[in-house]
Structure formats: structure tokens, C-alpha cells
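> With these hints in hand, go ahead and build the complete structure from the sequences.
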Amino acid sequence: MPTYVYETIPQFEGEPTKRLEIRQSMKDAALTQHPDSGQPIRRIPVGGTGLMGASSTSSTSGGGSCGTGCGCH
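My numbering puts the first residue of the sequence shown at 617, with every later residue one more than the last.
Incorrect hints may appear among the rest.
Quick list of simulated restraints, FRET-style, between CB atoms [stated by the list, open to error]:
1) Gly663 / Gly630: 26 to 32 Å
2) Val621 / Gly654: 15 to 21 Å
3) Thr619 / Pro656: 19 to 25 Å
4) Ser653 / Glu629: 18 to 24 Å
5) Gly630 / Arg658: 16 to 22 Å
6) Gly663 / Phe628: 29 to 35 Å
7) Pro661 / Pro626: 16 to 22 Å
8) Gln649 / Glu629: 18 to 24 Å
9) Gly630 / His650: 18 to 24 Å
None of these hints come from the bench; they were simulated from the model.
Computed from a predicted structure; not experimentally measured.
Even for Gly, the Cβ is constructed at its ideal location relative to N, Cα and C.
Here it is in C-alpha cells:
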């Protein structure tokens with residue numbers, strides 16, 4: 617099961633957000649409330665590499681899928 621990153625949604629001005637990680641199935645809908653406290657939460661998209669763009673790794677331009685000048689090549 618993957619681990620998803622969530623953060624609390626502040627209920628009043630100045631309230632800090634808290635981040636938490638929750639393991640759940642990919643088939644499950646994103647949570648809207650903290651499982652223990654019931655506080656409103658939202659899922660945070662996090663970056664990562666996947667299979668998208670895998671066919672562009674053999675680019676002849678030398679820039680890869682992120683373009684030239686990024687410094688990663």
C-alpha cells in the first residue's frame with residue numbers, strides 16, 4: 617500500500633498546518649478528515665518519477681524530457 621501525505625486545514629487565522637503520512641490503498645478516495653481527531657485534512661501531491669515520459673529518455677537533443685539548461689544532465 618502506498619503512503620500519502622496529508623496536511624491539516626487551518627480552521628482559524630494563524631493556526632499552523634500539520635503534515636502527516638497515511639497508508640491507504642490506491643483505490644481509496646482521498647481522506648477529508650483526520651482518522652483520529654476528525655480535523656479537516658487534504659491530500660498533498662508530491663513529486664516522483666513514474667513511467668510517464670519513459671520513452672523520451674533516448675532523446676537526441678541531449679535535453680531529456682525536462683529540456684536543456686536544467687542542470688540535471
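> Holds or violated: the 16 to 22 Å window for the beta-carbon distance between glycine 630 and arginine 658?
holds (19 Å)
> For the hint 18 to 24 Å, verify it against the beta carbon of glycine 630 and that of histidine 650.
holds (19 Å)
> Are glycine 663 and phenylalanine 628 spaced within 29 to 35 Å by their CB atoms?
Holds: the Cβ-Cβ distance is about 30 Å, inside 29 to 35 Å.
> Is 15 to 21 Å right for how far apart the beta carbons of valine 621 and glycine 654 are?
With a Cβ separation near 19 Å, valine 621 and glycine 654 satisfy 15 to 21 Å, so the hint holds.
> Could you tell me whether the CB distance from glutamine 649 to glutamate 629 stays inside 18 to 24 Å?
holds (21 Å)
> Does the beta carbon distance between threonine 619 and proline 656 stay inside 19 to 25 Å, or does it fall outside?
holds (20 Å)
> Indicate whether the distance between the beta carbons of proline 661 and proline 626 respects the range 16 to 22 Å.
holds (19 Å)
> Has the hinted range 18 to 24 Å been met by the Cβ atoms of serine 653 and glutamate 629?
holds (20 Å)
> Are glycine 663 and glycine 630 spaced within 26 to 32 Å by their CB atoms?
holds (29 Å)
Comparing the model with each numbered hint stated earlier shows that all of them hold.
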